[in-house]
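J.: Spelled out from the first residue to the last, the chains are:
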Amino acid sequence: MRDTRGARVVLGLLLAAALVLITVDHRGGRNSPLEVLHEVGAGAFGGIERAGANLVRPVRDFVSTMAEAPSARRRIEALEQENGRLRAQLAARAMDGQRADQLGRMLGLAGRGGYRVVPGQVIARRGVPGLEEVAQIDVGTADGVRPNMTVLNDQGLVGRVVRASAHSATVALLTDPASAVGARLEGGNEIGVVKGLGNGMGDTYVRLRLFDTTVSLTPGQRIVSFGSQEGAPYVAGVPIGVIERVEPTPGELTKLALARPYADFSTLDVVGVVVQGPRRDPRDSVLPRAETKTRTDAEREERRERSGRAGRGERADGGG
Amino acid sequence: MADVVRGAVIVLAVVAALVTQVTVIGRFALPGGGPDLLVPVVVTLSFLRGARAGAVIGFVVGLAMDVLPPADHVIGQYALVMCLIGYFAGRARERAPGAALSCAVACAVAAPLLSAGLAALLGDPRAEQAVLVRSWIPLVAYNLVTVPVVVWVVGRALGTGRSRAVPMRVRGRA
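Sequence order for the protein chains is A and B. Just so you know, my numbering puts 17 at position 29 of the first sequence, and the rest follows in order with no gaps. In my numbering, each number is its position in the second sequence, counted from 1, plus 1310.
Isolated chain B (complex conformation) (with noise of 0.2 Å):
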């Protein structure tokens, strides 16, 4: 039961994040382009759930930021890079369970590079130098104030939630 509640949760949380994201964040135009969301849910989730559940995770969440109106890029770019992020946030729960924060900042850093080297490959004039040099500090940016922040509060109230059987050290205290 409280399984169930929990993903109707998850599921919850990551269409109010997807939705948020176009609708609020997006239309405050900030500079910069604002926060996004969606990476540090995603290094949440994973962390929380593992490996093969991170990259399935990423992978739902990546593909929902593709066909989420309004988009104009290619379906799956996201879907990829998501995976991707997941996949690692989950091993790095496996390999070194107190490193959370470490590893989310390190996806934060990593998540607007890999979507931009993905679509310099598919040739899309958006990887071009000039604007990568203006929207990629930005981005971080924004994301290492936002990843913290989300980490924190998904990883609380899902860790706070889970058996004393698998202690989670994304509380800060195990």
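Excised from the complex, chain A in its bound form (with noise of 0.2 Å):
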């Protein structure tokens, strides 16, 4: 008596819950949450992820297993698979299309500087939970990823690498407020350090200490990564962000700054390692045109234009 109860809320506690998935899969459409599951199914995924999918599969299993009693909802059962895996389909190929306009984007950025790159993609992320700023990427040291290499995306810099197995790797973001990346403003020689603030109410900034007080910091100034020795963790000239506001600082050494990172945290998904640093210092070339949006022959201009006038530039070492 006891034992059927229990299996009958068993069932009907996974029943409920296939329910829900179909419906969130179903509503959310092109946007749906579970399209992530569904890049867990799919794609290469690496460690606890990997497994999870595998430990996911048996519920969905167990579900229609129980439900194979009555014929007809089997067969609706069956259908709405079927128009599951339609709809799947669908976004993926809506998603594939997203993927590869970011990744030309990222590996021309990449190229901008020299850098040479393994794409990737981010595969899990940790928010709040621990305070750390953390994402998983689908490519390891089979790919010639290692600790303390830079991490980059379309827009900018992303953070670096801080932990790499086979077929994936921890990426400490530029948003952990662990993590102190060597700065420099655009075209100049000030040089400083931007930390991450974490995830705040919304607002990912980051702040930089200047260790020039005599240089005069204003809105809209650019911060390109400075370079640590040997190119670890982090390459010279990768974009950082813009300085949105200036925080007064009196009678310290240092200046302080809120800026805005050029790389979009709450949608990271495609980025690059770089696995080789540029021979030369690309000093302000990666940077965007400023305001501009369309990457065609104007970029390739500017990219004339800028390095022209950084020719100067010779590799930067120290700092980190």
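Derived by calculation from the structure, the hints in this document are not laboratory data. Built from N, CA and C at the ideal position, the CB exists for glycine as well. Keep in mind that the hints are not guaranteed to be accurate.
A few chain B residues facing chain A, derived, Cβ under 8 Å [stated by the list, open to error]:
#1 V1332
#2 T1333
#3 G1336
#4 R1337
#5 P1380
#6 A1381
#7 D1382
#8 H1383
#9 G1386
#10 D1434
#11 P1435
#12 R1436
#13 S1445
Mind assembling these two chains? They're in different frames, but the hints should get you there.
T.: Shown next, in the form of structure tokens:
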């Protein structure tokens, strides 16, 4: 008696879970949060994420087994499954298009800086639990990724690799409060450190601490990475962000400013790991043309113009 | 048999919560980081199982949170916090069986504080004051919203399946 009741409860629970999944996927359409689960199943995933997907499958199988008795339900389930599969294929195609765009732009940025990159994709992300801002990407040591390599996307600096396994790697994001990046102001030699501030109420800012108090900071100034010794963990010249607010620091030896990162950390997807840095510091040549979204001839022109101006720049070492 | 099924459901639920946390909630990059599913899950399970089991559950879940990629903090940090949370939730059940929700709310407030305090003791730069002020309030707010929902759902799912010999008041009606 107790057993059947228990089993019925389990059955009901699992069926309800299946229905919730179907509803969410259905209503979400292309932006369905379950897209991510589809990726888990489809893409090349590493570590526990892959195991997790394998563990989710038995639940689904269990539900379908339990529901086999009435044939009508089985038929509905089969149709729903097929419906979901087709929907997923449709959505996946649209997503592949977006990814291809992002990948193309990212490779363009890498090309401007002379970085050799291994493209990867974010497969898991940790927000506040643990207060760390880290992401898992689907490339690892088998692809040449090692700890302390720079990670960027089509917009700018994303972070650095902290740990790498065979087929996945953990990236500490620029916004992680424990990360510190040597930074330089555009068009000058003033250097400082950019530190993450964690994920606040939706505003992703980083804090720039400039070591030279005589320099005047103004909103709109742009920041690139200064480059560490041997390019690890950060290669030189990667766009970091734009100064948004200068903080008053009376009586201090450093200057503080809040900057908005170029990379959009709320939609991190396609990233590139710099496996080999440029031979020469690209200086400001990787920065996007001011307020320009189109990436065509204007960009090539801008690159020529900027590299001409920054030609005297030599490889900058130190910092970190 | 029912116990085996229930055990399997618990393990699956915890694994699902862990994977959902990093592959779904984490990737939304919600303002303030998004809700933490594991705290309410641990609170509820402990409340149903008592202090000793609660501590064990909390430890195991916390350890899983520590090793689940991506992670860049000291392993064991969450195992400790969750172990404490599990233990106190279990104690609360033994002392005041009717106080499921208030106990869950207390844990929702305490868990981020405990982990932040531990990080500070370990010299983690993430436990800096400026960061904490920005992170703690949204964290607690998210927890306060998710905890009652998860407590109710998990409590109902597991509490209903239990024999009447152990009356559970998690459902709000004994």
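J.: Look at each hint and say if it fits the structure.
T.: These are the hints, each one checked on the structure:
With 8 Å as the threshold, the beta carbon of V1332 of chain B comes within range of chain A, its nearest partner Cβ sitting at about 4 Å, so the hint holds. Hint status for T1333 of chain B: holds, given a least beta-carbon distance of 5 Å to chain A, under 8 Å. Restraint check, G1336 of chain B versus chain A: the minimum CB separation of about 4 Å is within 8 Å; hint holds. Among the interface hints, the one on R1337 of chain B holds; its C-beta lies about 5 Å from the nearest C-beta in chain A, closer than the 8 Å criterion.
For P1380 of chain B, the interface hint holds, since its Cβ comes within 8 Å of a Cβ in chain A; the closest pair sits about 4 Å apart. The beta carbon of A1381 of chain B is positioned within 8 Å of a beta carbon in chain A (closest approach about 7 Å), and the interface hint is therefore held. Here the hint on D1382 of chain B is kept, as its CB sits about 5 Å from the closest CB of chain A, short of 8 Å. Hint status for H1383 of chain B relative to chain A: holds, with the closest Cβ pair at about 5 Å, below 8 Å.
Taking 8 Å as the C-beta cut-off, the interface hint given for G1386 of chain B is violated, the closest approach to chain A being about 12 Å. For D1434 of chain B, the interface hint holds, the least distance from its beta-carbon to any beta-carbon of chain A being 7 Å, beneath 8 Å. Hint status for P1435 of chain B relative to chain A: holds, with the closest Cβ pair at about 5 Å, below 8 Å. The criterion of a C-beta within 8 Å of any C-beta in chain A is met by R1436 of chain B, whose closest approach is roughly 4 Å, and the hint holds.
A distance limit of 8 Å between C-beta atoms decides the matter here; for S1445 of chain B the minimum to chain A is near 5 Å, and the interface restraint holds.
Going down the numbered hints, you'll see the structure goes against just number 9.
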